[in-house]
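Each chain is listed here by its residues.
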Amino acid sequence: MANDSQATPKKLIEVKHLKQYFNAGRPNEVKAIDDISFDIYEGETFGLVGESGSGKSTTGRSIIRLYNPTSGEIKFYGEDISKIKHKDMLKFRREMQMIFQDPYASLNPRMKVKDIIAEGLDIHHLVKNDEERDARVNELLDLVGLSRDHATRYPHEFSGGQRQRIGIARALAVEPKFIIADEPISALDVSIQAQVVNLLRDIQKEQNLTYLFIAHDLSMVKYISDRIAVMHNGRLMELSTASEVYDHPLHPYTKSLLSAVPLPDPMYERNRHRKPYDDSIEHDGKERSLKEIVPGHFVLATDEEVSLYQASAEEYNEK
Amino acid sequence: MADNSTDIKFNENSFKKIEKHNVDEQEKISAPSLTFFQDAVRRLKKNKAAVISFWLLALIVVFSIISIWWTPSDPNAQHVAYANLPPKIANGQIPGFTGKANVGGRIVDKYAQAKVPSGTYYVLGTDYLGRDLFSRLMKGIALSLLIGFLATLFDLVIGVPYGVVSGWKGGRVDTLMQRFIEIISSIPNLVIVILMLLLFTPGLGSIVVAMGITGWITMARLVRAETLTLKTQEYVLAARTLGESPFKIAIKHLVPNLSSTIIIQTMFSIPTAIFFEAFLSFIGIGIPAPNASLGTLLSDGQKTFRFLPYQMWYPAAAISIIMIAFNLLADGLRDAFDPKTQE
Amino acid sequence: MEKILDVKDLQINFDTFAGQVKAIRNVSFHLNKGETLAIVGESGSGKSVTVRSIMGLLANNAHVDNGSIDFKGKDLLKATPRELESIRGNDISMIFQDPMTSLDPTMPIGKQVAEPLLIHGSMSKKKAMARAEEVLELVGITNAKNRMKDYPHQFSGGQRQRIVIAISIVNYPEVLIADEPTTALDVTIQAQIIDLMKELQNKIETSIIFITHDLGVVAGIADRVAVMYAGKIIEYGSVDEIFYNPQHPYTWGLLNSMPTLDTSSDRLYAIPGTPPNLLNPPAGDAFAPRNPYAMQIDYEQMPPFYKVTDTHYAATWLLDPQAPKVEPPAAIKKRQEEYHQLVAEGKIQSSVKGGAKDGE
Ligand SMILES: Nc1ncnc2c1ncn2[C@@H]1O[C@H](COP(=O)(O)OP(=O)(O)OP(=O)(O)O)[C@@H](O)[C@H]1O
Ligand SMILES: Nc1ncnc2c1ncn2[C@@H]1O[C@H](COP(=O)(O)OP(=O)(O)OP(=O)(O)O)[C@@H](O)[C@H]1O
Ligand SMILES: [Mg+2]
Ligand SMILES: [Mg+2]
Numbered sequence: 001m002a003n004d005s006q007a008t009p010k011k012l013i014e015v016k017h018l019k020q021y022f023n024a025g026r027p028n029e030v031k032a033i034d035d036i037s038f039d040i041y042e043g044e045t046f047g048l049v050g051e052s053g054s055g056k057s058t059t060g061r062s063i064i065r066l067y068n069p070t071s072g073e074i075k076f077y078g079e080d081i082s083k084i085k086h087k088d089m090l091k092f093r094r095e096m097q098m099i100f101q102d103p104y105a106s107l108n109p110r111m112k113v114k115d116i117i118a119e120g121l122d123i124h125h126l127v128k129n130d131e132e133r134d135a136r137v138n139e140l141l142d143l144v145g146l147s148r149d150h151a152t153r154y155p156h157e158f159s160g161g162q163r164q165r166i167g168i169a170r171a172l173a174v175e176p177k178f179i180i181a182d183e184p185i186s187a188l189d190v191s192i193q194a195q196v197v198n199l200l201r202d203i204q205k206e207q208n209l210t211y212l213f214i215a216h217d218l219s220m221v222k223y224i225s226d227r228i229a230v231m232h233n234g235r236l237m238e239l240s241t242a243s244e245v246y247d248h249p250l251h252p253y254t255k256s257l258l259s260a261v262p263l264p265d266p267m268y269e270r271n272r273h274r275k276p277y278d279d280s281i282e283h284d285g286k287e288r289s290l291k292e293i294v295p296g297h298f299v300l301a302t303d304e305e306v307s308l309y310q311a312s313a314e315e316y317n318e319k
Numbered sequence: 001m002a003d004n005s006t007d008i009k010f011n012e013n014s015f016k017k018i019e020k021h022n023v024d025e026q027e028k029i030s031a032p033s034l035t036f037f038q039d040a041v042r043r044l045k046k047n048k049a050a051v052i053s054f055w056l057l058a059l060i061v062v063f064s065i066i067s068i069w070w071t072p073s074d075p076n077a078q079h080v081a082y083a084n085l086p087p088k089i090a091n092g093q094i095p096g097f098t099g100k101a102n103v104g105g106r107i108v109d110k111y112a113q114a115k116v117p118s119g120t121y122y123v124l125g126t127d128y129l130g131r132d133l134f135s136r137l138m139k140g141i142a143l144s145l146l147i148g149f150l151a152t153l154f155d156l157v158i159g160v161p162y163g164v165v166s167g168w169k170g171g172r173v174d175t176l177m178q179r180f181i182e183i184i185s186s187i188p189n190l191v192i193v194i195l196m197l198l199l200f201t202p203g204l205g206s207i208v209v210a211m212g213i214t215g216w217i218t219m220a221r222l223v224r225a226e227t228l229t230l231k232t233q234e235y236v237l238a239a240r241t242l243g244e245s246p247f248k249i250a251i252k253h254l255v256p257n258l259s260s261t262i263i264i265q266t267m268f269s270i271p272t273a274i275f276f277e278a279f280l281s282f283i284g285i286g287i288p289a290p291n292a293s294l295g296t297l298l299s300d301g302q303k304t305f306r307f308l309p310y311q312m313w314y315p316a317a318a319i320s321i322i323m324i325a326f327n328l329l330a331d332g333l334r335d336a337f338d339p340k341t342q343e
Numbered sequence: 001m002e003k004i005l006d007v008k009d010l011q012i013n014f015d016t017f018a019g020q021v022k023a024i025r026n027v028s029f030h031l032n033k034g035e036t037l038a039i040v041g042e043s044g045s046g047k048s049v050t051v052r053s054i055m056g057l058l059a060n061n062a063h064v065d066n067g068s069i070d071f072k073g074k075d076l077l078k079a080t081p082r083e084l085e086s087i088r089g090n091d092i093s094m095i096f097q098d099p100m101t102s103l104d105p106t107m108p109i110g111k112q113v114a115e116p117l118l119i120h121g122s123m124s125k126k127k128a129m130a131r132a133e134e135v136l137e138l139v140g141i142t143n144a145k146n147r148m149k150d151y152p153h154q155f156s157g158g159q160r161q162r163i164v165i166a167i168s169i170v171n172y173p174e175v176l177i178a179d180e181p182t183t184a185l186d187v188t189i190q191a192q193i194i195d196l197m198k199e200l201q202n203k204i205e206t207s208i209i210f211i212t213h214d215l216g217v218v219a220g221i222a223d224r225v226a227v228m229y230a231g232k233i234i235e236y237g238s239v240d241e242i243f244y245n246p247q248h249p250y251t252w253g254l255l256n257s258m259p260t261l262d263t264s265s266d267r268l269y270a271i272p273g274t275p276p277n278l279l280n281p282p283a284g285d286a287f288a289p290r291n292p293y294a295m296q297i298d299y300e301q302m303p304p305f306y307k308v309t310d311t312h313y314a315a316t317w318l319l320d321p322q323a324p325k326v327e328p329p330a331a332i333k334k335r336q337e338e339y340h341q342l343v344a345e346g347k348i349q350s351s352v353k354g355g356a357k358d359g360e
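Chains as they are written, first to last, in the working numbering: chain A, 1 to 319; chain B, 1 to 343; chain C, 1 to 360.
Isolated chain A (complex conformation) (with noise of 0.2 Å):
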């Protein structure tokens, strides 16, 4: 999809003409992925944005194989993962990460912070006794700021933002390659969430990582996304750079996502214009696919509507 010029990075993640419906064929079926494709670079940060229900996390766990995709494939390293055979499927396991939302439901109550973040350890047989095992759990402490003498407590007596570093040391315990962050901050305080952000970015350059990072919140995808992708009702609608769908936002969803967000500054929200979207465009029944407006920035579009929103490219040209 993306322009295959020589500095191309490698392609970590591929996602081709993924489906994920639930209760297929059924009265209540969800088409909660609708045909989506899009590759991830290694090293980058891939951001994806979204209404509630538009389908962010379900496309995360699909690609984590939580879920067997209803169609379409998903590559890892070139390697379909359906495809991954039972006994290579542990070493897969620990490439790929989650880091999750609810910083209170996504950590068992009844285990002490150390056997959480020793769960991978454990499950890999990453060390081989029980001293090398805490010398691991303190280092992983160490990397996401909490204090050694945490290991033995239990994650109620924690705030949200220490859980979520507490889920974040989990997912870094099998040293992973990449990572797909569902939410990570949405659920935490202001104060709280550069925090978090901040750690994702140091341990991202110390290690290499590549993110799948998704979010509600605009602006922080903004900030810490390479590239991004707007997704609405189980499709994505815009991808390209961060700066791009920012500052030359081309499809009306998008522009209407962008019109909506609070910033923290009186004077512009009281002169805010907003754009409402009328979500009728998408179901006049035409065929569309992600099409290259401009190079590295795609808009889902019919074939007609190609050369208007290229237009509308222009004018940001101009400007």
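Honestly, the hints are just simulated from the structure, not real lab data. Any given hint could turn out to be false.
Unchecked claim - For lysine to aspartate or glutamate, the following EDC-like pairs were computed, each having C-alpha atoms within a straight-line distance of at most 20 Å:
id : chain 1 : residue 1 : chain 2 : residue 2
1  : A       : K255      : A       : D217
2  : A       : K291      : A       : E269
3  : A       : K291      : A       : D34
4  : C       : K334      : A       : E269
5  : C       : K198      : C       : E35
6  : A       : K112      : B       : E12
7  : C       : K198      : A       : E269
8  : C       : K333      : A       : D265
9  : A       : K255      : A       : E157
10 : A       : K16       : A       : E73
11 : C       : K325      : B       : E12
12 : C       : K334      : A       : E305
13 : A       : K275      : C       : D310
14 : A       : K255      : C       : D195
15 : B       : K248      : A       : D88
16 : A       : K286      : A       : E304
17 : A       : K291      : A       : D265
18 : B       : K252      : A       : D122
19 : A       : K19       : A       : E42
20 : A       : K275      : C       : D195
21 : C       : K33       : C       : D310
Model the placement of chains B and C with the ligands on the given structure of chain A, informed by the hints.
What follows is chains B and C with the ligands alone, placed relative to chain A:
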């Protein structure tokens, strides 16, 4: 809301900037570390009724265990000469335990009448065959507790795994397993026991088999419902993404989080089972003579209730106390494990 | 301006197993007629407890140890349960955070909206239903007439929150308290709800207390802002004063840690550490351990409120005449410069300066 510069004292250092902060210090948790269970126990301790019930039950259990090896006298030994003696303790000083009875308006020392040697007495009296009621009551309670223990066993060995598997697997397997439960639970227990009588002689065996068929169903249902919600919890998903096997997930994540449900349900199913046995024995299709059970004691006592009420009072009190204590304890546990309000 | 609600020296403690939680520590604020007061602060800072005390809806283990809440000459803390009940439905109403749990799933929405009228007013059922329909129309439920008999699950999350708002305004209350009414919603729906509340304020002339931890939302809806930290209000002022000329280092930290759409620096500013435990609140300024500008005295004594302007007060020792002058973070300086420019251009009004220190 305006300035209130009340007696603030400054010194020369007051407005010196602090260069180093000890943020770590601040993140220290000072409260004592309580596990979930310790916390539940703490809450349980606040519930007086549950605590009293707990100690009562503990006492009863101790007595029952003792009764396996020792009872004041042989519970099944008959002394027809000593039949229907009223309760008596030591030399008969304590009211109600004097060994005397009111016969036709006159107080009669029954023990003297029956020529019981001095020094021999029956704490709760004897029945129409001269059997020591205290010993029989001890045995009866022990039997009830055995039934309760077996009910727990069925709950844990059949109910819990059945519920976990059904909830975890979901889909077709779940539907099938639930249909099966519906079918067997639609047959009344009593019908099963009566059918059992065609195959076995009445006794502990048929009661146990009947419990084994239906006793665990409530537990299975509750565990299944709980498993359904637990399996979508993010920490279970996290374990899956780490590559944990389903069996290990069940052991490490599901069972510990199910434990409160399991404990509470057990506490409710024990009295149900005890009552079931007592009921069957009472109507004569449970424990056969001469063995003692709360049901048979009640049924024997009921026959002479008008003249010798003590023969029924004590077993009736025993079963009531056991039932109430288990229910109160279960209620207390439920509140302790599932606090609606944090405090 | 007329004060409709006046809270003074409120002090609320909770008895718990681990000791006494000092949740609200001497909070005072007032609400003017027709304005929107936003209360911001992080989780656990005491926002909900404060407003629940106004409504008389505190948990059983709470006790109010000091203070008064004056509403139209009546101290709500001394009101009888019956008086409170009548005030709750008629004069002050509250919107709760979770739209899913504040609606009864088994009752048609028309009836739910009309219910406060039937309980409190002596209105006939027919009239109440007519008013319910009118209010549903007002909050933007399209085709309200035909949807009166629908059940909550037949509406989207945003619509449900609108219905919750409809219930709370059906009596045209004088004071509307909204405890994080948009936190559970998407930005697009959140934007609609905020617009709706502003519009309603104009139409039914109510005064609003709006609780949130999202500073973006505050900027959009508030006339005045109170910032809470660890059970105390640490700074309050008009929305422009708080956003463009903040004085307390905690307010600086909050504003600074939000990326704006044009932040591109490598790191976000993060306030280190976590809020203090209210079982043993610190002696001095509760923010001191996380405060890069902390001075010795911050650890020793609680700062009083220093006046910045007639409407703007902040409780920080930095405003004391004896304190050394400090340089706020760059982003805050930028805001302050913007403020002076806006004032100079007459785009916003600055109140009269005065008091101990004017914070420039
Ligand atoms: N296990 C499931 N069974 C049935 N429907 C589901 C399931 N999981 C998700 N859905 C549905 O799929 C759609 C997409 O859900 P998803 O959780 O991916 O949304 P999301 O973008 O992550 O939203 P949010 O921001 O609320 O987390 C929703 O309509 C949801 O109700
Ligand atoms: N019933 C209670 N028992 C004990 N402590 C309580 C109780 N209710 C609230 N608290 C404590 O009072 C403090 C303030 O709580 P409050 O709910 O007002 O916070 P908040 O600012 O509304 O936070 P949030 O943004 O999370 O809603 C917290 O420390 C909380 O733990
Ligand atoms: Mg999601
Ligand atoms: Mg709150």
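Taking only the CA atoms, is the gap from A/K291 to A/D265 under or equal to 20 Å?
violated, 35 Å
Starting from B/K252, check that the Cα of A/D122 is at most 20 Å away, please.
holds, 12 Å
Taking 20 Å as the top limit, are the C-alpha atoms of A/K291 and A/E269 close enough?
Status violated; Cα separation ~34 Å.
Is the Cα-Cα distance between A/K275 and C/D310 20 Å or less?
violated, 38 Å
CA of A/K19 to CA of A/E42, is that 20 Å or under?
It is violated: about 24 Å lies between the C-alpha atoms, which goes past 20 Å.
So if I understand the rule, the pair passes when the alpha-carbon distance is 20 Å or less; does A/K255 with A/E157 pass?
Distance of about 42 Å is beyond 20 Å: violated.
Next pair to validate is A/K291 with A/D34; report whether the Cα-Cα distance is within 20 Å.
holds, 16 Å
Given the hint that B/K248 pairs with A/D88, test it: the Cα-Cα distance must not exceed 20 Å.
Since the Cα atoms of B/K248 and A/D88 sit roughly 19 Å apart, the hinted pair holds (cutoff 20 Å).
Measure nothing beyond the straight line between the CA atoms of A/K286 and A/E304; if it is 20 Å or shorter, mark the hint as holding.
holds, 10 Å
Does C/D195 lie within 20 Å of A/K255 when you go C-alpha to C-alpha?
holds, 18 Å
Does C/K198 pair with A/E269 here, judged by a C-alpha cut-off of 20 Å?
holds, 12 Å
20 Å Cα cutoff - pair A/K275, C/D195:
Since the Cα atoms of A/K275 and C/D195 sit roughly 13 Å apart, the hinted pair holds (cutoff 20 Å).
Hints 2, 6, 9, 12, 13, 17 and 19 from the list above are not met by this structure, while the remaining hints are.
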